[in-house]
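*Asks:* Since the structure of chain E is already known, use the hints to place chain R on it.
So the protein sequences, as listed, match chains E and R. 1 is the number of the first residue of the first sequence in the numbering used here; add one for each residue after it. 116 is the number of the first residue of the second sequence in the numbering used here; add one for each residue after it.
Honestly, I wouldn't trust all of these hints.
Said to hold, decoys possible - Here are the simulated DSS-like pairs of lysine-lysine, each with C-alpha atoms no more than 30 Å apart in a straight line:
id, chain 1, residue 1, chain 2, residue 2
1, R, Lys-152, R, Lys-120
2, E, Lys-11, R, Lys-152
3, R, Lys-169, R, Lys-120
4, E, Lys-57, E, Lys-17
5, E, Lys-57, E, Lys-11
6, E, Lys-57, R, Lys-152
7, E, Lys-57, E, Lys-15
8, R, Lys-183, R, Lys-152
9, E, Lys-57, R, Lys-120
10, R, Lys-169, R, Lys-152
11, R, Lys-183, R, Lys-169
12, E, Lys-57, R, Lys-186
Derived by calculation from the structure, the hints in this document are not laboratory data.
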Amino acid sequence: GAGVSQSPSNKVTEKGKDVELRCDPISGHTALYWYRQSLGQGLEFLIYFQGNSAPDKSGLPSDRFSAERTGGSVSTLTIQRTQQEDSAVYLCASSLGMSGGDTQYFGPGTRLTVL
Amino acid sequence: DQQVKQNSPSLSVQEGRISILNCDYTNSMFDYFLWYKKYPAEGPTFLISISSIKDKNEDGRFTVFLNKSAKHLSLHIVPSQPGDSAVYFCAARARYNQGGKLIFGQGTELSVKP
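With the rest of the complex left out, here is chain E (with noise of 0.2 Å):
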């Protein structure tokens, strides 16, 4: 079957513009995940999102990044008014719902660059 796939795979854009990042998860998981890596970094949690529970925003690093995911499905990640520490790959992972022993399988994830 279809795994997690993200969209655009490479985003250049410059210093104050917004972005928007797309993820589609695996049918059928109800929880999503956000991470973004940063270059020789390891992955940092951003954003959560577990079936109609409001979501675990406690990663994101300031007001400019916000996400929402629609009908259970799909989730976009807004950067608003990029910064060129914004560059990085961001990541989206999906599980099956809420026992942390779940697999979270990822996304290849979207290259950022800010220019």
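*Replies:* Frame of chain E; chain R shown alone:
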């Protein structure tokens, strides 16, 4: 504060030998640990996991060991193969965080030489 640390950024091993990747953590609330493998331009893929109630979990060539008193875990790959060359990430989940949010280490790049 780095709650999950992989202190070796890289490791080079000869094909057929054992690869040992190490990971240390600081948060005693972590109860579930995972290893992910990542190839360039791809997302991480799940490799193996271990619950804090165990000290060892084995899956084929891959074994994860957990030493709770030392807050240390390791991944053993035996025998190592050139296709194992990738970046390996250690990750942990806290028992109070039933949502499954993972805390990742910085990664170790494994190179297996033929």
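*Asks:* Would you mind marking each hint as holding or not holding in the structure?
*Replies:* For each hint, the structure was consulted:
With a C-alpha separation of about 16 Å, the suggested pairing of Lys-152(R) with Lys-120(R) holds against the 30 Å cut-off. At roughly 24 Å between alpha-carbon atoms, Lys-11(E) and Lys-152(R) fall within 30 Å of each other, so this suggested pair holds. Between the alpha carbons of Lys-169(R) and Lys-120(R) the distance comes to roughly 21 Å, so the proposed pair stays at or under 30 Å and holds. The suggested pairing of Lys-57(E) with Lys-17(E) holds, with an alpha-carbon distance near 22 Å, which does not exceed 30 Å.
For a cut-off of 30 Å, the pair hint linking Lys-57(E) to Lys-11(E) stands: about 23 Å separates their Cα positions. Distance check on the hinted pair: Lys-57(E) and Lys-152(R) sit about 26 Å apart at the alpha-carbon level, within 30 Å; holds. As the CA atoms of Lys-57(E) and Lys-15(E) are separated by approximately 24 Å, the hinted pair is consistent with the 30 Å bound. At most 30 Å may separate the alpha-carbon atoms for a hinted pair to count; Lys-183(R) and Lys-152(R) meet this at roughly 23 Å.
Proposed proximity of Lys-57(E) and Lys-120(R) is supported: the alpha carbons are some 23 Å apart, at most 30 Å. Taking the CA atoms of Lys-169(R) and Lys-152(R), the gap is about 22 Å. The hint holds against a cut of 30 Å. In summary, the hint linking Lys-183(R) to Lys-169(R) is supported, as the alpha carbons are separated by about 9 Å, within the 30 Å threshold. At roughly 28 Å between alpha-carbon atoms, Lys-57(E) and Lys-186(R) fall within 30 Å of each other, so this suggested pair holds.
Comparing the model with each numbered hint stated earlier shows that all of them hold.
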